[in-house]
Amino acid sequence: MLRVETLSKSYATPQGPATVLDGVSLEVGAGRTLALMGESGSGKSTLLHLVAGLDAPDEGRVFVGDAEMTGRDDAGRAALRRERVGLVFQQFNLVASLTVADNLAFQARLAGREDGVWTARLTERLGLAALTGRYPEQLSGGQQQRVAIGRALALRPALVLADEPTGALDETTAETVMTLMLELVAETGCALLMATHSARCAARLGERLVLRGGRVDAAAMRAAE
Amino acid sequence: MTFRWTLAALLSHWRRRPGQAAALLAGLALATALWSAVQALNLAARDSYDRAAALLGGAATVSIARPEGGDFDQALFVTLRRAGWPVSPVLEGRARLGERTWRIVGVEPVTLPPGAALASLGEDAGPDDPAALLGRPRGALATPETLEAVGAGDGEAFEAGGLTLRAAARDGLAPATLVVDIGVAQRLLDAPGAVSRLVAPARHGRDPSELAALTGGRLAQLEASPDGDLARLTDSFHLNLTAFGLLAFVVGLFIAHAAVGLAFEQRLAMLRTLRACGVPARTAALALLAELACFALAGGLAGMALGYLVAALLAPDVAASLRGLYGAPASGELALAPAWWLSGLGMTFAGAMLAAGSGIWRAANLPALAPAQPLAWLAGHERRIRAQAFAATGLLMLSAMIARSGEGLVAAFAMLACLLLGAALATPALLSAGLAFGAARARRPLARWLWADARAGLGGLSLALTALMLALATNIGVGSMVTGFRDTFTGWLDQRLAAEIYVRAPGEDRARAFEAAAPALPGVSAVLPTRTAEIRLAGLPVELLGLRDHATYRARWPLLEQEAEAWDAVAAGEGALLSEQLARRLRVGLGDVVTAPGAEGPWPLRVVGLHPDYGNPKGQMVVGLDPLMERLPQAERGAFGLRVAPERIEATMSAITADPALAGVEAIDQAAVKRLSLGLFDQTFAVTGALNALTLGVAGVALLASLATLSAMRLPQLAPVWAMGVTRRRLALLEFGRTMALAAAVAVLAVPLGAALAWALVEVVNVQAFGWRLPLHLYPGQWALLAALALGVAALAAAGPVLRLARTPPARLLAVFAQER
Ligand SMILES: Nc1ncnc2c1ncn2[C@@H]1O[C@H](COP(=O)(O)OP(=O)(O)OP(=O)(O)O)[C@@H](O)[C@H]1O
Ligand SMILES: [Mg+2]
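Top to bottom, those sequences are chains D and E.
Heads up: the first sequence begins at 820 in this note's numbering, then just goes up one per residue.
Heads up: the second sequence begins at 82 in this note's numbering, then just goes up one per residue.
Chain D with its partners taken away, still in its complex shape:
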């Protein structure tokens, strides 16, 4: 479902170009889940952003299903993202001036694929039924993340990208949110690529991949298994 081929990215810094990703390749099939690990600054978020088409790589290609993300202009990448990719960040996921219900349906509406029955079910499953009329500032952090997950899945995306979705939550809440997300991902049959610091979270996913110095660290991965 997701295929990444020798992806490279470097940023210009005052000390010259700094390579963040150096030929990273990976694959996540439909219905599979992959945890992206590595210490802070190892390039996890950068990789997710490239996959989502929020930024363009220097080299390499990204395929979501049969469509190539790389090699498109901003509008083309946005269109593909809108159609197939659900994104969950650590924070600031929601539109502050829209209600929970409107936030949940937002991306599906943008893509012209709003499915009332499915959205209602998601709302139920995420335990948000009583909160649909509220605004994000009236929700707790865990509730906000559940709305963000709901929004990503309401689209029935081919791929969900999550960047430390539970990073700002306490352990118990994080557990609940993780469980919900994995259940729903399994239910929709989409692929999940999730960046995380937490070994506990990573352990709940199907596969793990460790980044170090811009490359896949095979030794660290074997150690982790």
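Rather than coming from a laboratory, the hints here were simulated on the basis of the structure.
A portion of the hints provided could be inaccurate.
Residues on chain D that point at chain E, a partial pick, calculated with CB under 10 Å [said to hold, decoys possible]:
1. D892
2. G895
3. R901
4. G905
5. A915
6. E1006
The following residues of chain D were derived to be distant from chain E, with all beta-carbon distances above 10 Å [as the list claims (entries may be wrong)]:
7. S859
8. E887
9. G890
10. A948
11. T992
12. R1023
Reference excerpt, derived from the structure (chain D facing chain E, CB under 10 Å, subset only) [claimed, not checked]:
13. D874
14. F882
15. A898
16. E902
17. R903
18. N912
19. T918
20. Q926
21. A930
22. L988
23. S1017
This structure is a prediction, so every number in the text was calculated from the model and none was measured.
Using N, Cα and C, we set each Cβ at its ideal position, and we do this for glycine too.
Here the structure of chain D is known, so what remains is to put chain E with the ligands in place on it, guided by the hints.
Chain E with the ligands in isolation, oriented as in the chain D frame:
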């Protein structure tokens, strides 16, 4: 789909923050309102001028008249007609009917050229034919409004100058104008056999050079129709109004800009989320543009309605000023031309783009991964302030350069624009420097925080404060100019109105009778007759005023510059006194020679003195009464001045009214003339005053809008201080004090700018626009009053948000800690 939901998400922001939406709408509406009000007034006046010009055909006809101006004998008309010239005679003048003075246009309907608006009125023929109307029963054509003011209904008879006229209402005629048969006009204007000019079709097919031979050199075809004079004379008046409208427009845009700027900053996070959900940058920018267009349309329409209201309120004053200052036939009626609607809305859209363009540009180029920090704007503030200070320096220097070397009214306004814009750009830098200075000296921790926090919050407030500063400076500058002008004007009137009683007699017979009877009237020590003639010097309309050689003038006539023995030269017919503005327009000074047209040939006159002549659009040249009658026997009688012992004034006045031999003679005492003149003066500047006050009001709204939007954003800064034990009441008081301190600083900055503005208006704009230079007066008392007013406006604007802060539930303050946003 994408576009629709993107727009919906963007708009949801305003639903959550109605105050901000109101501020944006108010800014756009107010900017549009004042601008379109001024435009409506200008358009109405221009329409009057055009109608006045079209009466006799405008560009479709040409005028044949004495090149030096003045009426001529109708025998010349007969001569030309006999020679086959398709000319028609016109006599124009002003006559008092009832309370007001009206423009009288006498025409000969049968010979009127086909291009004249009057001629086409006859095309619907029948008994309504103007020939029929004007010919037989002494018809008088006028607009229904004019007739109403005269007190006659359509078809009714009314008395005028001893004649019974029959009123006929006609739309489309020039306002405040009565069109009559030329024979009637000659009697109304007491000018038997006189013609002011001849009109002919523009393509009359004759050689204009024939005219000299046919008329003995007395008549010539005029290059420009005298009908255009009004538009030229009033240009400066309208330019002044337009400049004011533009200033108010800019102040209004400051509000819009402040509201839009904050909305963009608050929606950076939303934009990032939109991008993450697959909205292309271009779509987001287009949606922002569509949103702006909605606001511009709503604000623009509201503004146009408001503008119409303001214009309707000011229209009578403007029309009165135009009539009084320029003798222009202005009706005070507004017309809603489609061009006015379109240009008004166009200004709103252009203004909205100006106010929001940079934000939209940034949104269109925002990287999808931009940090969504709402206060990033404030963080980049320092750098922007420095850039602005730099631009301000450049603009102020440019303004000084134009002041030194520029010429003409446009240059004068360009200078003002640079000055105001430069000062506006410098304001945030100066305020920031002041706050930094305060922060550096503060000792107590709370005071320290206050200074630093004020500096951080300046980014959001600086636009509104700048608008307040501009409005205050304009009020100070224009106030100083108007008050200074009024003082000068009053002093000048005191001097100029040397006689105690002024008398006007209808017709030559009465005038002669009065002149004979006057010395015998009780208390009269001297009779000062005057005569006037309309001439042209270098194409400019000039009033030649003949004054008797009398000690009164020698002692009291105000002069700016004079040669020794100036009055002797005037009495001898060798010298003339020129009004300041005429001398400036002719570019002559003391000792230069100007040549007036005499009946028997040119009349060279040495300029021996310059006198101020405020409020007169025409140039004035004073010559001796006897030489004038010798050189220009057709000069008309003007008012008589009577020197009377002050305690006898009333007795003299009643003696004039009581004498049956002096029936119809109007007498008015000096005090009444002064009252009338000052009344006219105040009316003229009533419009300026109203626009001034409105501008200050608009700035107050700007401040209110900014404070209201900022107060919500500032909770995260206040919450920690509250948590550390400062009560909400105390916080609110501190906030209030801070706003007031900033407003006070603004007032302090506005005073020098206002003084500079007053200087520019008095020394440059007035001289360019009207031709007179006034002494520059400064009025610190007025400044203090205006500064207090500005503080009051700031206090009103701050009160709402501060009260709300004092009553903020603790839960809302706590929420700041509960979530990172
Ligand atoms: N816009 C940028 N310009 C320059 N360098 C950047 C930029 N964005 C990221 N980097 C650098 O790229 C490297 C990788 O950053 P990235 O955010 O992908 O790391 P990460 O693995 O997500 O870290 P964390 O676990 O802390 O979130 C870092 O060294 C970072 O400093
Ligand atoms: Mg990261």
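Status of each hint after checking the structure:
1. D892: Check passed: Cβ of D892 (chain D) comes within 9 Å of chain E, closer than 10 Å.
2. G895: Cβ of G895 (chain D) sits 8 Å from chain E, so the hint holds.
3. R901: The hint holds - R901 (chain D) has a Cβ within 10 Å of chain E, the shortest such distance being about 2 Å.
4. G905: This interface hint holds because 9 Å falls under the 10 Å limit.
5. A915: holds (7 Å)
6. E1006: violated (21 Å)
7. S859: Holds: least Cβ distance 17 Å, greater than 10 Å.
8. E887: About 16 Å separates E887 (chain D) from the closest Cβ of chain E, which puts it past 10 Å; holds.
9. G890: holds (16 Å)
10. A948: Answer for A948 (chain D): holds, closest chain E Cβ roughly 22 Å.
11. T992: holds (14 Å)
12. R1023: holds (24 Å)
13. D874: With Cβ-Cβ at 6 Å, under 10 Å, it holds.
14. F882: violated (17 Å)
15. A898: holds (7 Å)
16. E902: holds (7 Å)
17. R903: holds (9 Å)
18. N912: holds (7 Å)
19. T918: Result: holds, 9 Å to nearest chain E Cβ.
20. Q926: Hint on Q926 (chain D): holds, closest Cβ of chain E at ~4 Å, below 10 Å.
21. A930: holds (7 Å)
22. L988: violated (12 Å)
23. S1017: Hint on S1017 (chain D): violated, closest Cβ of chain E at ~19 Å, above 10 Å.
Comparing the model with each numbered hint stated earlier shows that hints 6, 14, 22 and 23 do not hold.
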